[in-house]
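Residue numbers for the sequence shown follow UniProt numbering, so the first one is 1 and each next one is one higher.
Be careful, since some hints might not be right.
[Said to hold, decoys possible] For lysine-lysine, the following BS3-like pairs were computed, each having C-alpha atoms within a straight-line distance of at most 25 Å: (1) Lys-130 / Lys-88; (2) Lys-350 / Lys-334; (3) Lys-197 / Lys-184; (4) Lys-207 / Lys-249; (5) Lys-366 / Lys-397; (6) Lys-78 / Lys-178; (7) Lys-88 / Lys-131; (8) Lys-384 / Lys-331; (9) Lys-18 / Lys-78; (10) Lys-208 / Lys-178; (11) Lys-384 / Lys-397; (12) Lys-235 / Lys-397; (13) Lys-178 / Lys-207; (14) Lys-83 / Lys-130; (15) Lys-18 / Lys-211; (16) Lys-197 / Lys-208; (17) Lys-130 / Lys-178; (18) Lys-366 / Lys-331; (19) Lys-235 / Lys-184; (20) Lys-131 / Lys-187; (21) Lys-356 / Lys-397; (22) Lys-197 / Lys-207; (23) Lys-78 / Lys-197; (24) Lys-366 / Lys-384; (25) Lys-130 / Lys-191; (26) Lys-187 / Lys-88; (27) Lys-397 / Lys-359; (28) Lys-88 / Lys-18; (29) Lys-130 / Lys-207; (30) Lys-211 / Lys-187; (31) Lys-184 / Lys-83; (32) Lys-251 / Lys-191; (33) Lys-130 / Lys-184; (34) Lys-208 / Lys-251; (35) Lys-366 / Lys-350; (36) Lys-366 / Lys-356; (37) Lys-130 / Lys-78; (38) Lys-191 / Lys-178; (39) Lys-359 / Lys-334.
Hints listed in this document are in silico derivations from the structure and should not be mistaken for laboratory results.
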Amino acid sequence: MNFERIREKLNILADAAKYDVSCSSSGSNRKNTTKGLGDSSGIGICHSYTEDGRCISLLKILLTNHCIFDCAYCVSRKSNDIKRAGFKIQEVVDLTINFYRRNYIEGLFLSSGIFSSPDYTMERLIAVAKKLRLEENFNGYIHLKSIPGCSDELMREAGLYADRLSINIEIPTVSGLKLLAPEKDHKDFIKPMEKVKNEIIQYQADKKLIKNTPVYAPAGQSTQMIVGATGESDKDIMYSAVHYYSTYKMKRVYYSGYVPVLQDERLPALGTEVPMLRENRLYQTDWLLRFYGFDVRELLNNQHPNLDVDIDPKLSWALRNMHLFPVDVNKADKRMLARIPGLGMLSVNKILNARKYRKLNWENLKAIGIAMNRAKYFIVCDSKDWERKDLEPAHMKSMILQSSQSKYQKMYNKQLRLFN
């Protein structure tokens with residue numbers, strides 16, 4: 001083996017993979033029952049945090065950065081003048097095993113440019129996972145990227161060896177995809193998603209009848225959308241995300257701010273990268289939809305197509321719906337408590353448990369750990385102190401901002417103003 005050449009390939013293909021952020025394990029449970037290498041049970045992947053606080057990582061590479069497509073937003077597009085490289089199947093297997101044995105990684109995140117054809121590329125990705133599972137007895141985490149346009153048979157086989165499958169939808173809207181990647185068909189992205197969803201449903205049904213049914217993609221599937229490459233509003237992005245969650249049972253939708261690396265009149269200018277703050281607001285909205293009982297139409301609609309820059313989505317919603325406040329924390333149900341700014345679900349559950357034994361006052365709420373600088377304007381409790389005054393939403397927002405400072409404030413840039 002030519003170690004210098006392997007190192008060169010690794011540098012090129014690891015760098016090319018950095019733009020893909022959809023690499024959290026989020027619930028794989030492939031237990032090591034054969035005394036093989038690795039155990040993905042209960043662990044997070046790619047600098048994610050486990051339940052016990054550990055931070056672990058994975059080998060995140062492309063199989064190759066050669067590609068037959070010329071997508072305007074992609075650094076690996078065929079017209080881009082960059083160094084090209086490609087791993088052999090056995091090289092990826094050897095790297096994964098050697099890195100794992102040295103305790104550098106807990107698993108593998110493998111994607112690829114599309115070379116020759118979608119099916120040929122997907123076959124090689126599957127071959128890597130298959131060798132790791134069957135020949136190396138590797139039980140660690142494996143995340144494979146699904147290749148748009150590959151066959152249903154290959155998608156089924158991929159799920160037998162991978163913990164998670166993901167296919168990046170790339171651009172949130174069909175019109176945006178046509179503008180920046182005219183060679184691609186939106187249907188080619190949807191077909192693998194549908195197949196994986198149906199296979200997971202079938203596995204769950206078969207498992208009830210046959211105990212030793214082969215596991216299929218135990219960590220489910222995910223997707224990623226590029227934010228800011230085209231003119232989509234936050235409303236467009238989140239409505240698309242809701243569609244993928246509900247229709248294809250996604251475990252996660254990831255939002256990746258576009259980083260301009262290529263000069264193209266269809267794209268934002270170089271040096272106008274999407275601020276981390278916009279990504280953060282989208283993830284906050286995603287969290288509210290998944291865990292706090294919000295409907296996307298409450299947070300984003302024709303009157304409010306973009307998220308506020310200076311305040312989080314829940315606070316923004318509350319200020320637009322002051323007729324629902326103040327909320328009595330000693331009487332409100334769980335759904336309404338979760339909508340109070342400054343209360344996370346952990347605090348909500350503590351409140352529900354504590355009020356079984358006594359009426360809660362401000363001191364009790366402080367001890368629970370709610371964010372008083374925000375919550376005090378929206379709640380009443382067993383106390384006459386700090387009673388809510390009739391403040392205008394704009395005044396209330398100003399007072400809240402004065403008492404808190406976002407860690408993202410220094411990251412504001414010109415592109416944010418396009419979405420105000």
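- [ ] Mind checking the alpha carbons of Lys-397 and Lys-359 for me, to see if they're no more than 25 Å apart?
- [x] Violated - the C-alpha atoms of Lys-359 and Lys-397 are around 29 Å apart, more than 25 Å.
Task: Satisfaction of hint between Lys-207 and Lys-178, Cα-Cα up to 25 Å - done: 41 Å, violated
- [ ] Quickly compare the C-alpha distance for Lys-130 and Lys-178 to 25 Å and report which way the hint goes.
- [x] 35 Å, violated
Task: Hint consistency between Lys-197 and Lys-208 [alpha-carbon to alpha-carbon, up to 25 Å] - done: 17 Å, holds
Task: Given hint Lys-78 paired with Lys-18 - CA-CA distance at most 25 Å - done: Roughly 18 Å between the alpha carbons, so the hint for Lys-18 and Lys-78 holds.
TODO: For the pair we were handed, Lys-366 and Lys-384, check the Cα-Cα distance against 25 Å.
DONE: Distance of about 16 Å is within 25 Å: holds.
TODO: Mind checking the alpha carbons of Lys-251 and Lys-191 for me, to see if they're no more than 25 Å apart?
DONE: Roughly 17 Å between the alpha carbons, so the hint for Lys-251 and Lys-191 holds.
Open item on the list: Hinted pair, alpha-carbon criterion (25 Å max): Lys-207, Lys-249. Please report holds or violated.
Closed with: Given pair Lys-207, Lys-249 holds - Cα atoms ~18 Å apart, limit 25 Å.
Task: Straight-line alpha-carbon gap Lys-197 to Lys-207, limit 25 Å - done: 15 Å, holds
Task: 25 Å limit on alpha-carbon distance, applied to hinted pair Lys-384 and Lys-397 - done: 23 Å, holds
Open item on the list: Check the hint pairing Lys-184 with Lys-83 against an upper bound of 25 Å on the C-alpha distance.
Closed with: 24 Å, holds
Open item on the list: Can you confirm whether the C-alpha distance between Lys-130 and Lys-191 stays at or below 25 Å?
Closed with: Roughly 23 Å between the alpha carbons, so the hint for Lys-130 and Lys-191 holds.
Taken one by one, the earlier hints fail for this structure at numbers 10, 13, 14, 15, 17, 20, 21, 23, 26, 27, 30, 33, 37, listed in ascending order.
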